[in-house]
Structure formats: structure tokens, C-alpha cells
Amino acid sequence: MPGGDFHPFFFVVIAAWILVCGLGVVLFRNIIYSAVSMVFCFLGVAFAYALLNAELVAIVQILIYVGATSVVILFAIMLTEVQQSYGQLFHRQAIFAAPLAVAAAVVMTVMVVSTELADVGDTSLNLSVHALSSLLFNRYVFPFELVSLVLLAAMIGAIVLARRQGEKR
Amino acid sequence: MEAADSMKIAVILIVLLPLVGFITTLLFGKRMGGKAHIVPVALVTVTAALAVYAFGWVFQHQEEPFVWDAFSWIVAGRYHASWGFQVDTLTGIMLLVVGIIGMLTHYYSIGYMRGDGGYYRFFAYLNLFMFAMYMLILADNFLLLFLGWEGVGLCSYLLIGFWFDRKSASQAGKKAFLVNRVGDFGFTLGMFLVLVTTGTLQFAGVFDKAETIGAGTLLWICLLLFTGAVGKSAQFPLHVWLPDAMEGPTPVSALIHAATMVNAGVYMVARAYPLFAQSETAMLVVMVVGTFTAIFAACIAITQNDIKKVIAYSTISSLGFMFMALGAGAWVAGIFYLFVHGFFKGLLFLCSGSVIHAMGGEQDMRKMGGLRTRIPVTFWTMLIAAVALVGIFPLSGFWAKDEILGGAFAHGYYVVWLVGIVTAFLTAVFAFRMMFMTFWGESRADAEVQAHIHESPKVMTVPLVLLAIPAAAVGAVVGWPPEAGWIHRFLDPVFFAVEHEEFEWLGTGGALMAVSLAVALLGVYLAYVLYLRRRELPERLAARVPWAYEASLRKMYMDDIYEVVPVRSTIAFSRFLWTGFDVHVIDGAVNGIARLWGWFGDRLRPLQTGRVHNYAFGILAGALALVVIVGWVWGI
Amino acid sequence: MSWQDQIGFPVLSVITFLPLAGVVLILVIDLLRRPAARLGADGAVEGAVRRQTWWPTTYKVISLATTLAAFALTVWVLFVFDKSTSQLQFVEDVMWVRRFNIHYSLGIDGIAALMLLLTTLLGFIVIIGSWHYIKDREMGFFVSLLLLQTGMTGVFCATDLVLFYVFWEAMLVPMYFIIGVWGGPRKIYAAIKFVLFTLVGSLLMLVAIVAVVWYVNGQGAGLTFDIRALSDVVYPYHLQFWAFLAFFLAFAIKVPMFPLHTWLPDAHVEAPTAGSVILAGVLLKMGAYGMLRFCLPFFPDAAVDFVPLVAGLSVVAIIYGAAVSLVQKDLKKLIAYSSVSHMGFVTAGIFAAIAVADNAAGMEGAVLVMFNHGVLTGALFLMVGYLYERTHTRQIAEMSMLATPLPVFAGFFLFFTLGSLGLPGLNGFVGEFLSLLGLFEYSHALAAIGALGIILAACYLLWMYQRTMFNDRGEAGVMPAVSLRDISPREIVSLLPLVVLAVWIGVYPNTFLDFLHTPVQYILQQMGPSIESARDGAVAHLIEATKGLF
Amino acid sequence: MSPLDWWLLLAMLLFCIGAFGVLARRNTIVVIMSLELMLNAVNIALVAIAQFRAGSQGAGVLFSLFVITLAAAEVTVGLGIVIANYRAKRTVENDHFDEMKG
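Chains as they are written, first to last, in my numbering: chain A, 346 to 514; chain B, 3 to 638; chain C, 74 to 623; chain D, 126 to 227.
Just chain A, same shape as in the assembly (with noise of 0.2 Å):
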């Protein structure tokens, strides 16, 4: 089988974890909880790439994503003090933006599904983590370099940005 093989039933448990914690992160009054619903989503996640056969993917996901970037997103909430959102939860916009999200889950499931994927793989590549890493270093060397130039560059501009105006000099 392809890709390892597939559980329905972890699939299903994973799949709706994610789906619930997703709506979570969009449905919550309290951006607390919105927050803690995006870790646990993030956490289903990894636990999908698990399922896929791709360790490497899901520990980087526990570590970017669930330790770091959400305590980035931790941290901003606790800077704006606004834990309680009041008033309106979602713009008048909404009214449109549900329609078209239901849009495009139709449109995108038609496409998944008149399009005939799987029959074309064949086999596991299971790429180590050896392998994929030689790729890195070899071959996707300079989208790796760029990356690294792009995060310093967002560094140094969360930095500018965040800092005060009586910060300077």
C-alpha cells in the first residue's frame, strides 16, 4: 500500500479532530480558547503526518508550530490585553464569506474527486530522513538559503515593527 498503510479509523478520529479544532479556532468568542484550539489542531496535524509516513514533517510541525508559533500568537494576545472580543465575532461579510467557503469546498471536491490520482502512484519512497536531508543540502540548496535570508529578513521586520516609536534613538 502506498504511503503506509490507511487506517479509516485513525483516519477518521485524526481527521475529525482537526475539522473540530479548526472551527474551534474560528468559532470561539474567547481568543483564549481559540488559541488552545489552534495547538490541539496543529498537534492533530502532526499526528496526520505521522499517519503518513512522514516523521520528519510532524516533529518540525510540534516544534515550529506548536511550540513556537503558537507561543508567538500567546505572546501577542497577552501584548494587545484584548483576551475578550466584544461586539460582533465576525463582520457583516460573513454572511458572503460562508457561502463561498461552502463554494469552495464544493468546487475543490468536485475537482478531488473527478480527478484520477491514485491510480497513477505506485510506490513508497518513505524518504528517510537521510535522504530527504541530502536533498536539502544538494539539490533545494538555494531555496534553503533564501529561506533563511527570508526568516532573518522577518526577524529583523517584527522587530522594527514591534518596537516602540519612543524606542528610538
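Worth flagging that the hints you see were computed from the coordinates, not collected in a lab. Some hints here could point you the wrong way.
Straight-line Cα separation of at most 35 Å, DSBU-like style, residue types lysine-lysine; simulated pairs [said to hold, decoys possible]:
(1) C:133 / C:406
(2) B:10 / C:156
(3) C:208 / C:406
(4) B:32 / C:402
(5) B:10 / B:32
(6) B:10 / B:37
(7) C:402 / C:208
(8) B:211 / C:156
(9) B:460 / B:369
If we take Cβ atoms under 10 Å as the criterion, some of the chain D residues that face chain B in the derived model are [stated by the list, open to error]:
(10) 147
(11) 148
(12) 149
(13) 153
(14) 156
(15) 199
(16) 216
(17) 220
(18) 225
We put the beta carbon where it would ideally sit given N, CA and C, even for glycine.
Given the coordinates of chain A, work out where chains B, C and D should sit on it, guided by the hints.
Okay, now just chains B, C and D, sitting in the frame of chain A:
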């Protein structure tokens, strides 16, 4: 061809020396101050000597003109024009006129312009004028003639507007140039037509093919060229610039606006004789315009009070006489008149300049009078000039004028002859009106001016005397015997097909001569009665026919007509084109398109709410729509 | 003929990029001098940098040196130039974009050679002329001028369509800055108008370029952007018609032809002196140059069909420009509109030449008018600029009798005015005479109307001269400004080359006409069959052809 | 319906939920969180396709790693902006930010 080699050098020097004088005086004249005249006057003297030499050469080689293609000027496509020079007998006569009068005027100017702020500038311009004038008469093709033609026009512009700090002067200079431009418009088109028809502009080449040109084309060529002559020689209706040109210093009026430049039109028509001679209609037009101008200008001259204006209108009238002669087929008579006219009219102007000099700048004859004894040299020379102009035996004007009238009569143009006689009569009246008002009677100037009246310095009077000699004698010398004088034989190679009638002393010729002499004397007598004996008569006469007097005084309203019709209407039309059409229609369309897009953008502005979630909505909806459309188009 | 055979080094590239090298040199020195200033002064870097008084002189000298060198090289090129052949000369050819067979290729024929001379000549003259003109951000101004010159030179030298287009567009940028930064009160409006007008045209041209290359490629000839190769192809009439129209519009805007001229007066009035000089002297010529280079040899049949329209519009432009000049109140605007009039002679001459067989005089005259107009109008703009530096106004109504305090200035001004109104013996006459002669061969009536423009030219120029230099208000209304100082030696130096050229071309134009004989014959040869088939009732044919396209 | 299709449907649904959050929520921080959901959804799809299809040479997996990295960068910058804006306006609700209104 050794003689020709010396001619080459002479011709080159004739053209170049004045140009050298112009450039050096322009560059260094200011530093030389009151001595600025030395270089230009010396160069012009040498040039005059060379001109006489060239004349002598032609005198010896009458049958074969000197033609020299110095170097090419414009070579483009299948056309070719060159810096080519030609000296034949016609050129020889012009060389004499231009050289001698030009030189004497230069000398005269030393005295006349002394102390003027633009002393060096004046001599520089005069030298430039000499250059252009020599170019004009020495050219062997139409284009080079045109170069001189425009060059003298430019100098005329500069010299009329010499005292540019006076509005009238700067205005008059501009007017002269522009009116001439109108004529040049015709000249240019005429040249195009000649060039396209015959493939060349060289006189010899064109005239060789003259007989092959179709009649219609030929008529057009002649009329267009004549338009140029009308402008340059101040013929009706393009004469309006010449009276105004009197704003310039008087030596300029004498040299440019009487003796040389204004003759260029006559010269050009005479030069194009092989073309004109073949087109009877063109000849008729030339004659009619000339005749009309002659009497028209004489009618105006008779009431003018400015001494220079009188002479100016007299010049227009005289030029009309010349065209009358050319048009009537009396080619030699026309050039004969040009020749003598140059001397006596130039003299007349120089004398009037001397009068003005004596009167401290006063030009109005009503404030003169009694100058006869105060400035005798001027008086006597001016009297000679006036008598010559009026055409009283045996002075120059008599012979030439009589040949013109005789020619018109002989060719059967009796009306023209009659008009000519009337004009001669009027000429006598206004010329002696001028003389009587200026020199006889009691002085009408105020005391201050009275005290100041003095004879001009030697440097001015000597040229007057020198010029008075040819003005008196040259007519008889070259024109005797009538219709068979030296000048006729001399010009024969140029006007090769013109027949000369036998002159009979006791026949038509003698009778006509007697009539014209009588008419001239009658005119002088009338002037004597009106302006010396019974001074109240002119005013009563004017009161009797006020409209005629007024019309004459206002120059037949020509300036007023020009002011309204071409000038104002052109400016109004241009203003409409600019503010109406250019700004509103064209730029309006451009800005309108811009404004349309602006309006369109304004309508789209609400889409830019500035809120990021609206944009996000747009992105997602757009992406989805693209997917759907692409899927639909590709039929997935 | 390649540069190896003729001169020994790639001279056209050197001429083109010398100004650019000057820019690089200026910028490098500018970078280097700042730390030097920091070391020299205690703290206040800006002040120290400003106190480096040697610096303005230095960058001006660099600018002048590079442009002078370019001019000297151009003169050398003209000496070596072989006038007996219509082949491109001093050819350089390097592959640039292999994928599309785009070459970096330069080369000139006689027409381009004259334009090159004009460009490099005015290039160094404006640098002398603007020596003290700019007060603000002066270095940027000189850098822009140099960049502009590189762009203009490239346009005249390029023999590859893409390279041509690149230079054509690149030149817009410095010009935009020259007008938009150093211009007058409405500079932004003028700059944007200038760029938009030109862009509309050049985009149409880009479309036409693609269409032409696409067609040639489709014929199996392979991709090529070589101008000579493309001009040898015979295009189907349908393509000719539209591509001609697109190219023609681009160039007609640049010329500018009536009624596409309204950007010109605005741009001229707002531009600084140097900008006006270059604009009138060189940029306008690119339009006419493009017509000669593209419209005629590429699309001969369409060009012949358009003759009546273009000749008619040219004559309208001659009269219209002159009439509108007559009533202008601003000196620069007056000269700007007179440019419209003068450029009418150019287009009239070019298109009359292809209407009748054996009418090379018109085209040679047109090219000569291009050159002369560059010399004379350039000089007039320069002088108006000098006048502005003294009187601080360009309004004619605010001047009078300036000949009294400025006699030498008035003399020079008169000289160029006379040249501009076509006095025989100066250069303006020769060109206008020939192009009108060409027009006369095509149509007597049109030439007669066009010749009216010469009368009008005298009217507006002499009137302008009278109102500024002489007295036109009567004795009371005039107060000559005594305190003005007359023209300075530097200014005389900037005008003298133009004086020399004006007289030279007026007296012996063959020096310059000799460059034109073979290239004009070459163009006419390419047009040959179409001229033969040029028929009577051309307007009717044009309408027929237009109908057939839809 | 192959296993890959199921994974893709999961990714798709998560994506749509995130999209709805981005479009509908007023709180900018929640919007950023929703964006993360969308990125995660894409990652799931990438990894799933990489695992189920040959010839991808691990590109899908690596790509998802890049996405994660860039997402981290995006979050920091995004939150930096949010905080800066919060300082200026004392709110994180994005309908108050309309300075760029046309």
C-alpha cells in the same frame, strides 16, 4: 581666357570685400568709435573701382557675357544650383549704378551719421547691403539672385529699423520685410515652377528652354516672378512699405530705397526678358500694374508734407514708369530710366538729407522755406535733381522718360501714354511743390532752428556735386540720339529680339517729345502759381474736394485697408486657432480622455474600502471564479 | 562595413556609452568624496560635503569632457564615413538574447550620421549652456543630461529593433526627470503629458514590431529583429496598413504632427533650457528619423497610400503652427509652436518624395530641415534661456528694447531668428527650399499653401524680435533695463558652433547633402515598385483599401 | 475514492474553515490563526501527495518544510504589524484599519 581670369578675381573681390567690411566692422567697429567708417568706406571705394573695371570689361566683350560657375551650392536629387556669376551688359549697367552711388553714399554717410550711437553698426549694415546687392546683380541663376534679393531685404530691414528705439522705425522695418516676403512667396513659387519645368535655375539654361515651355505654365511663371518684383520694387498693391521705409537714415533712403534695391524688381523682370517677352498676357499685367502704380503714387505724392515721403512716392511712381516701359515692350527705355533714375533720385534723397541735416532733423516742409540762400550747394544740386526728375530738356530724366512714353505710344498703348503724360505732369507739380516749399518763400521755421541752419560739411556736399554731374548729363550722353543712343546698342545682346523704331524729329517722336516737355513745364508753372504766388489756392482747392484731398493725404487708405484685412484678420484667426482650437478642441480632447478615465476610476474607488478582509474576500472569490471558468472552458 | 575595416575600435558603442561612463565616474567620485569630507570635518558631514566647492566644477568638467569626446569621435566618424555606399557602416554585432535572436547591433548610414552629429553637438552645447542655470540638485541634472545623450545616441545607432526600442524608451526616463524635477511651475503636468503621449505611441509601435517579427517568423525565415533584414521583406497589404499606422502614430506623436502636437508647447515651456534644446533639437528628429527608417522601407505600399493624408496634415501643421506662434505671449511657447511648423516641412518633404518618382530632393531637404531645425531652434531656446537668466521672465509683454542693454545678445538672437525664418545664405533656407520643392513636385497647391508658412514665419519671428529687442510701444512706454549684463564669453562659446554650422550649411550645404544622397536613394529604391504603382486618386484608393480591411 | 482522495478532502475542508475564518472574523489575531490553518491544510495536501505518488523525489515533503518555515516568518511579521497597529489604535479589530481607503 586670361581676361576672364582677371574678371574672376574682380567678381570675387566685388562680392567679398563688402562682406569683409561688414564682418570686420561688426567685430571691431565699436572699438574704433568715430573712425569706424575707415575700413568699410575704403573697401567700398575699391569695390566701386572694381565694378567700373568689370563694366569696362563688358564694354569690350559686349557680345559674350562673362559666365563663371564658381562652385556648387545645392546638389539634391536631380537638381543643382551653384554659386555662379554672370556679367553681361545689363549687369554692367547695374554695376555702374550700384558701385558709384553706393560709394558716394558711403562718403556722404560719414558726415550725415557723425556722432550717432550706432555709427559703426550703420557702416556694417551698409557694407552688408553692398554685398547682397552685388550678389543680386552678379548672380547667374535665380536662386543666387534670390539670395541677394533677400539679403538686400534684410539690410533694408536693419537700416530702416536702424533707430530701433523709435517705435515707428522698428515698425517700418518689420513692415518692409514682411511685405517683401509676400512678394517673395510668389518669387519662390515661380522658381519652383521654373525648376520643375526646365530642370535648372541657371539663367542661360532656363532661357534656352523658354520656347519649349507651354503658354499656361509660362504665364504662371511670369506672374509669380512678377509678384516678387511687385514686392521688391514697391508696386501696387505691395508698395505700402516704401513710404514707411523713410524712417531709416536718409543715406539709406537714397541708396537702398531709391537707387539700388528697389530697382531689383525691374532688373529681375528685365533679366527674365526671354520669359516675359513670350507671354503677352504677362507683359500686359506688368504694364497695367506699372502704369496704375505710377499715377496712383503721383496722386498721393502731391499732398504729402514730409519731404522724404514726397520723394518716396515719387520713387514708387518712377518704378511704375519702369514697369510700364518693360510691359509695353520698351525694354531698353525701362533700363535707361532705371539707370538715370538711380542718379537723380539718389541725389534728390541725399539733398533732402542735407536739408534735414540743416533743419536740425525737421522733415515737415510746412516748417521750411527760404533755404535757397542759406544752403546753396544743396539747393543747386537738388534743383538739378528735381529738373532731371521732372524731365526737362536736356537733363537726364528727359531722355529716359520720353523714350518710355514714346515706346508706349509706338506699341499702340495710347491710354498708357496718356496716363504717363498725366503722371509726368503730376510729377512736375509735386517735385516743384517740394522745391518751392523748401527753398523759396520766407522761412517758416522757429527762431531756434533758424539760427542753427547751416550748409552741410564737405564730406556731404562733395558727393552731392559728384552725383549731380551724372544726374544732369548721363541721360544725354548715353541716350543721344533718341531710340538709337549708345545704351540701345549696349543692351542689344540682352534684349536680343527688341526692335527699335526709327526716331523722327519731325514726326511722331518729335511731337511726343514736345508734348511731354510742354506738360512738364506746365506742371512746374502750376506749382509756381500754387505754392509761391497764390498760397491760399491749394487750401481752397482742398476744401472744394475734401474727399479727394483726404484720400490722397491718407495714402488712398491703403494702410488702413491692410491693417484691417490681412493683419487684424490673421491675428484674430490665429488667436482663435490657439485659444479656441488648440487649447479647447485638441487639448480638450486629450484632457477629456484623461478626465474620462478619472471619472471611471472615481466610480471604482468605493471598491477600495481599505479593509483587508474585503480584499481577502475578493482574492478568494476571484481565485474560485478562475478555477471554475478554467475548468469550464477546458471542459473538465 | 564593419568597424574593424574603418576605424579600428567599436566607435559607435564608445560614442553611445561615453556619457554613461561619465555618469559612472561622477557617481563613484561622489561616493568617495563623502568619507573624505567626514575625515576632514568635525562631525557636520553634510556641511563639509557642501563646502567641497571643487565638486560642482568637477562633475561639470567630467560631463563636458565626455560629451566633447563623443562629439570629437563623431566628427572623426564623419571624416572616415564612406559617402558612396548605402551600406550600414561602423557596424557592430554581438548576440544579445540568443533565445530570440536579438542582437546588440549598431551601425549608421548617412542619415543617422547627421543625426548623430546633431545629438553629440547639442549634447556638449547644452552642458556649456547650463553651467550656471540649475540651482537645485545640480549633479542630478548633469547626470540626467548624460543619460539622455546615451539614450538618444543609441536610438540613432541601433540596427536591431529591440535595441532600438530599448533606447527609445530608456531615453524617456531622464527626459521625464529633466522636465519633472528641474522644470517650471507646471512641470509635473508637462512631464506626465510628455511621457503619456510618447508611451501611447511607443506601445503601438511595440505591437507593430511584434506583428512584423511574428509574420516574418511565420514565413519560415526564422526570428530576426534586424532592421535591414526586416525591411527587405514584402509584407501583405493588410499587415502593412495596420503596422504602418501603428509605427506612424508613434513617430507622428514624436515629430509632432498636427493634431498630436499639444504635448510639445507644454513640455517646452516647463522644461529647463537644456531640456528644451534637446527636446527640440534631437527628440523631435527621432520621429522623422523613425519614419525614414521604418514607415517607408517596411511598408512601402501603405506609405504610398497615406501620402495625401500625411502631406495634407503636414501643410496644415506648417500653417497652423505658424499661425498659433503668431499670437503666443510666452517666448518659449512661440518657439515651440514654430517647431510644429518647421517639422511640417520635414514630414511634407519625406512623404512628397515617395509620391512622385525621382523626387529625392524633397527627402534630402527634409533631412536637412531636421538638422537645421536642431541647430536653429536649439540656439533659439538656448538664447531664450540666457534671456530668462537675466530678465527672469519669458513673457514677451514684459520685455522691450533689450537691444540697448544687450547689443551683442541681440545680434546673435537676430542671426538665429533670420536663420529660422529662412533667409537665403543661412541654413534654414536650403532645407525648406528643397523640401518645399519636393512638395511642389507632388502638388503645386499644397506647396503654395506651405509657402504661405514662410510668410507667416517671418511675421511671428520678426514681430517677436521687435517686441523683445526693439521699441514697439511708442516713446513713453519703454524703460530699457540698463542693469542687464550682455552675453558672456561662455554663452558666446556655446553659440559659436551653431553660428558656424548655420553659415556653413547655408553657403555650402553639399558637405551635409553628400551624406544623404545614397541613403535616400536606397530608401527610394526600396520604395520603388510602390512609387511606380502610386496612382491618381490616391485618396479614393486609401478609402478603398481601408474598406477592404474590415 | 482512494485514500489520497480522503486526505485531500480533509485538507480541503480545513482550508475552507480557515478561509472562512480569514474572511469572517474581526479579530486580526484570529485571522492570522485562520491563515495558519489554511497553510496547514495545504501542507497536509502536499505531504499526502508526496507520500502517495511516486516521482516526487521528496519534493512535497521538503516543500511543506519550507512552507512551515515561511509560515513562521509570516506569523512573526504579521503579529508585529498587529502589535504596531494596536499601539496606534488600541484595537486589533481589522475593520478599524481603513487608512488605505481609496
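Review point. Taken at face value, is the distance from the CA of residue 32 of chain B to the CA of residue 10 of chain B at most 35 Å?
Key: holds (33 Å)
Review point. Does the interface hint hold: is residue 156 of chain D within less than 10 Å of chain B, judged Cβ to Cβ?
Key: Given a least distance of 7 Å, the restraint on residue 156 of chain D holds.
Check your understanding: Is residue 460 of chain B close enough to residue 369 of chain B, meaning Cα to Cα at most 35 Å?
Key -> Holds, at roughly 25 Å.
**Study point:** residue 220 of chain D as chain B interface residue, shortest Cβ-Cβ below 10 Å
**Key:** Since the shortest Cβ distance to chain B is 6 Å, the answer is holds.
Review point. Taking 10 Å as the limit, does the beta-carbon of residue 225 of chain D come near enough to a beta-carbon in chain B?
Key: For residue 225 of chain D, the interface hint holds, since the closest Cβ of chain B sits about 4 Å away, which is under 10 Å.
Review point. When the nearest CB of chain B is found for residue 216 of chain D, is that gap smaller than 10 Å?
Key: This hint is violated: residue 216 of chain D lies away from chain B, its Cβ roughly 13 Å from the closest one there, beyond 10 Å.
Review point. Straight-line Cα separation of residue 10 of chain B and residue 156 of chain C no greater than 35 Å?
Key: holds (32 Å)
Check your understanding: Does residue 199 of chain D meet its interface restraint, that is, does its C-beta lie within less than 10 Å of any C-beta in chain B?
Key -> violated (14 Å)
Exercise for review: Verify the interface restraint on residue 153 of chain D: the C-beta must sit less than 10 Å from at least one C-beta of chain B.
Suggested key: holds (8 Å)
Exercise for review: Please work out if residue 133 of chain C and residue 406 of chain C have their alpha carbons no farther apart than 35 Å.
Suggested key: holds (29 Å)
**Study point:** Hinted pair residue 10 of chain B and residue 37 of chain B, Cα distance within 35 Å
**Key:** With Cα atoms ~32 Å apart, residue 10 of chain B and residue 37 of chain B stay inside 35 Å; holds.
Check your understanding: residue 402 of chain C and residue 208 of chain C: Cα distance at most 35 Å?
Key -> Roughly 26 Å separates the two Cα atoms, so the pair holds.
In the structure shown, a violation is registered for the earlier hints numbered 15, 16, in ascending order.
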